[in-house]
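Engineer: Read off the chains here:
Protein chains: 2
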Amino acid sequence: MSLLVVGSVALDSVETPFGKKEEVLGGSATFFSTAASFFNPVQLVAVVGEDFPEAHVQFLKARGIGLDGLTREKGRTFRWKGKYGFQLNEAQTLDTQLNVFQDFAPKLPEAYKGAPYVFLGNIHPELQSQVLDQVKGPKLVAADTMNFWINGTREALLKTLKRVNLLFVNDAEIRQLSGEHNIVKAARAVHTMGPSRVVVKRGEYGALLFEKDHIFACPAFPLEDVFDPTGAGDTFAGGFMGTLATAGRFEPDVIRRAMVMGSVMASFAVERFSLDRLRDLTQPEIHKRFSEFKRLTHFEDLAALQA
Amino acid sequence: MSLLVVGSVALDSVETPFGKKEEVLGGSATFFSTAASFFNPVQLVAVVGEDFPEAHVQFLKARGIGLDGLTREKGRTFRWKGKYGFQLNEAQTLDTQLNVFQDFAPKLPEAYKGAPYVFLGNIHPELQSQVLDQVKGPKLVAADTMNFWINGTREALLKTLKRVNLLFVNDAEIRQLSGEHNIVKAARAVHTMGPSRVVVKRGEYGALLFEKDHIFACPAFPLEDVFDPTGAGDTFAGGFMGTLATAGRFEPDVIRRAMVMGSVMASFAVERFSLDRLRDLTQPEIHKRFSEFKRLTHFEDLAALQA
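Those protein sequences? They're chains A and P, same order as listed. Using the UniProt record's numbering, read the first sequence as starting at 1 and increasing by one per residue. Using the UniProt record's numbering, read the second sequence as starting at 1 and increasing by one per residue.
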């Protein structure tokens, strides 16, 4: 079942303790759609400028991503510049240039409006609402957001959240959004805002899924070399939503598999700069790491041990 | 198989955002032995002062803990005073009074020297070594330590670690001990110091076990109310070591169960002040929470899902 994503496509300049890259492919919708494309057809709605390299367009096309909603406008592409210390969990933003993204007003191609699975990347909540005004009866609407919108456009965000089924946030964001320090209470508060499912991303500590009567915990894969955490959250969401969309249902068994698949994809993304690790990633590698997650977390229940 | 613990028995004064307790039962060996006593006979070696309430001794006795190595010396009992903010992961120490603990020289009763399972609580590494000088061919020696010893008595600690099979540390401690920021590399560095097994405790984020070719991740139980994290790490170690000792072996299936049981016991300990939640804890409650951990972490492998 087709999966629609609306968000940013960007050129990133990133510095980590392990190296530096200038103007490489980035953006929430880019990471998301690339990760999701390993599982399910993806339709991308975003904007780039005249300077956006054609090679990047070709890369997305080669991954089978629908680009009818990717418009090229006069001006420069959105740029983000960030830096990470050894504490790789949090980026320091050095510069943001919205450029063509400043006037982004997502317009869905007719053929995309019936997408049953929708992911609203981390953009202004009013733009997220505009997307929802255009889609026709989606099965599942997921969204990402950040401190900037939680603080600055809270009313608009709360309005959007009423129409969202699943929210991706990190620890700090859910605390800020809910006003609750305790994560369990914070998730319950978010349920009352609309989303009946909340995924709390905790970087190197993994992710938690909260449904009303059901919690699932997935660790992050313990990696020896994390080169660049940029896009890990969107890659997680891409693996997650791609898994749901291809299954076409979201019972607990599928939701749990989606959590693990999100973690699998994120674990690859951070191994190299930009989307480089996803470029040559193969299905057997994905399956192998999924099995490694099983090995990482599996234990016998008490009955089996006592037998 | 009997389990020996050497460490501190203390009177704690603790303040958290949820309340305040003065001079309640505490200490690494107290939390450890109480937790372990749910699984296996425990022999405690520690020192208290003349002011140590007899009711606490009776509590430990009622839990079946061997107290032949608990000596009462002239002077006051070891006292610790700490405070937690909403970020419950780290305590701020307000005051430490060593008192009788200052001259503690652990002397093992003859009957304790053959203990196959040994836990060296967080005390001076030279005292830890003195304990190991007295035991006769233990099957497994586990130890805890902290930043104070890693910084201040590094040489003595490295000498002790050569004789330790399993080390319990937290994130910050393993980074400090190894000089590696990455946890996987840090664990590998600790393996070369002696311990072939390392458990990294990460508070609300759970715990990781590193063996040479094997990693296991266990989340912390998502609790709505964490009242007092004091002793969570030692309670974890108690549940862990009690589980190993009662199994009498440490193949991966048992080690994994021990990790989960450690997490189960720690999840109870933090629900109330001091050891209060462990006082009325029952085996059915322990088994129920173990099952809840299974539910929290379980997912089907891909083959099962595709079937």
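Hints are not guaranteed to be accurate.
Identical copies carry no separate label here, and so any pair may be met within one copy or between two of them.
Here are the computed lysine-lysine pairs in the DSSO-like style, where the Cα-Cα straight-line distance is at most 30 Å [what the hints assert, rightly or not]: (1) LYS61 - LYS74; (2) LYS288 - LYS81; (3) LYS21 - LYS185; (4) LYS81 - LYS107.
Treat the hints as calculated values from the structure; they're not laboratory data. All figures in this text were calculated on a predicted structure; none of them were measured in a lab.
Engineer: Of the hints given before, which are not true for this structure?
Structural biologist: Those not satisfied come down to hint 2.
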